[in-house]
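Chemist: Read off the chains here:
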Amino acid sequence: MTEILARLNGVSRVYQKGKERVDVLHELDLTIDKGDFLALMGPSGSGKTTLLNLLGGLDKPTAGTVNVGGAELSSMSNSQLSKWRATHVGFIFQFYNLLPVLTARKNVELPLLLTKLSSRERARRAGIALDIVGLADRAKHRPRELSGGQEQRVAIARAIVSDPELLLCDEPTGDLDRATADEILNLLKVLNTEHGKTIIMVTHDAQAAEYARHTLHVDKGKLEVRTAA
Amino acid sequence: MKYFALIWKNAWRKKIRTSLTVLSVLVAFLLFALLNAIGFAFRSGEDVSSAERLVVLNKISLINPLPISYQARIGSTPGVAAVTHASWFGGYYQDPRNQFAQFPVVAEDYFRLYPELIIAPEQLESFAKNRIGTVVGHELAEKFGWKVGDRIPIQATIWTKADGGRSWEFELEGTFRTDDPRGSTAYMLFNYDYFEEARAFGKGTAGWYILRIAPGADPVEVANAVDEQFANSPNETETSTEAAFAASFAKQFGNIALIVQLILGAVFFTLLLVAGNTMSQSVRERIPELAVLKTVGFGDVAVLGVVLSESILIIVMGGVLGLAIGWVVVQGAAQSMGATLPGIYLSPQAMLIAAAIMVGAGIFAGLFPALKAMRLSIVDALARG
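Going down the list, the protein sequences come from chains R and B.
Those letters in the first sequence? Residues 12 to 240, per our numbering, in order.
Those letters in the second sequence? Residues 1041 to 1425, per our numbering, in order.
Simulated from the structure, these hints should not be mistaken for laboratory data.
Hints may contain errors.
For the chain R half of the interface with chain B, some residues (derived, Cβ under 8 angstroms), not all of them [as the list claims (entries may be wrong)]:
1. Phe102
2. Val112
3. Pro122
4. Ile143
5. Glu182
Derived DEER-like restraints, expressed as beta-carbon distance ranges [what the hints assert, rightly or not]:
6. Phe1309(B) / Gly159(R): 45 to 53 angstroms
7. Gly21(R) / Ile1056(B): 51 to 59 angstroms
8. Pro111(R) / Val1368(B): 19 to 27 angstroms
9. Gln1321(B) / Gly29(R): 22 to 30 angstroms
10. Glu156(R) / Ile1056(B): 19 to 27 angstroms
11. Gly1305(B) / Gly81(R): 34 to 42 angstroms
12. Leu1298(B) / Gly29(R): 49 to 57 angstroms
13. Gly159(R) / Arg1057(B): 23 to 31 angstroms
14. Thr98(R) / Trp1367(B): 44 to 52 angstroms
15. Ala1364(B) / Ser129(R): 49 to 57 angstroms
16. Lys1054(B) / Gly29(R): 29 to 37 angstroms
17. Pro111(R) / Trp1367(B): 34 to 42 angstroms
18. Val1369(B) / Gly29(R): 54 to 62 angstroms
19. Pro111(R) / Gln1139(B): 58 to 66 angstroms
None of the values given here were measured: they were computed from a predicted structure.
Cβ coordinates follow ideal geometry from the N, Cα and C atoms, glycine included.
In isolation and in its complexed conformation, chain R is listed as follows (with noise of 0.2 angstroms):
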């Protein structure tokens, strides 16, 4: 029997713009099970990259539960949740995000700066998770000295090194070319089968959402169609 790592009853999301309330998700429900590669889809402003944030305690719902891992998000301090984020979900986006002014390993290194690990420690875990997404020859390098797929590969390094169950991905390929987008779809795809890794990935991509095993239409704030890749 799958294990449920996550589970969303009655989400909706409104944001207020001025005077004018935007229904961003509604009434929305999902699970995910553990050990999943879920291909989100749809079109801009659909709200994928909020179910994305929600379900990385980035963001609260206006009402609804967001459960992951049995810990209840929707009910949680920020000061909790960012403890959460800390140890539970990894990050990455479509920009990489990464900080200009630090090497690879620094990058690497920041989730483990909030943890009681000496800085050798530090440095090992680093060194591994480079060395899983195969950049440890570029531990020293900075980002503007790296390829956008590098780069990429670096960002999914910090995402994972301080071992989280659940990945989120927000349109992780969207600046890459073809055939870089294709290198960090199969390493997203070895996380998830070979680390046992849970991603959730964003994408406008057909073709990468091909790399999931399942995909889910999100319009109009409101769950469409669940399919099997």
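Following the hints, put chain B in place on chain R, whose structure we already have.
Modeler: This is chain B only, laid out in the frame that chain R set:
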């Protein structure tokens, strides 16, 4: 410490901007060091003053002398253990730029009243015996290369001699020093008898009296008792503590402390604007990066701490450099200007104040950008990036 690399790298992300900010902080703290050292020189008399000594001045002003006959009456006042006198001579050595203080005194009485002045007993004895003898502080002796036996001509700017001449010649009998680093010995002492005999006017007077109060006596009562004796006389007195005397002496040059504070106030106000602007720009430029820090688990307080630490670091870097350069300059000035401006000194207290200002200015300059970073909404900030 584990955040230091992050804070350091962020501080130097725009090297030119940070360098210029550090430079402006450096200049501010260099000024702080120099002005404090100069201010200290003017206050040094107050700092090294003794609570056991009182100074008796003419009530009208410091430049009005008192009759020499007052010495015996002051000496017999209850609570007075010892009394001596000194006068302002005002002269220079060879060149008007070589100005330093000279005081005609009664040799042994004066050194008894000032036990902190260290002189070899045989030199003091020779000084007392030689009518035209003089002793100088070791700073002066070093500056002018004087040694015992040298004849030192001093050109008077106030006290002409009875023969109309302005040149007073002295014979160096010794040097004295003090172990108190705040105390200056850049002055000359010579015999009052010679001064009294040779001067053209003002005979039978002394500039001021210095008295030591007896153990257990109340300084206020002693001061009142002295002043009451001369009340309603042509030369009324005002007896005060040595610190008050030093302060009133320094005030002849203007309110140095106020001037120093005003200058430093303007400098540090400008510094806050410069550093605050640097931090605001720095935070504005990396909103998405700060959002990433929060995303990976940095809490609000951690983000606030990182930005504040960066601001403090920039100010401390400039401040420490400015103080270090200031210290070197003050040391040099103390060597070269010790005679003209004795007591120039960068005190440990000033260093501590500077350290407190660095941290305070760092917090103040970084506070608003840090609060902005702390309150950042991750979702909005990532959307901006």
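Chemist: Tell me, in ascending order, the numbers of any earlier hints that this structure violates.
Modeler: Those not satisfied are hints 4, 5, 8, 11 and 15.
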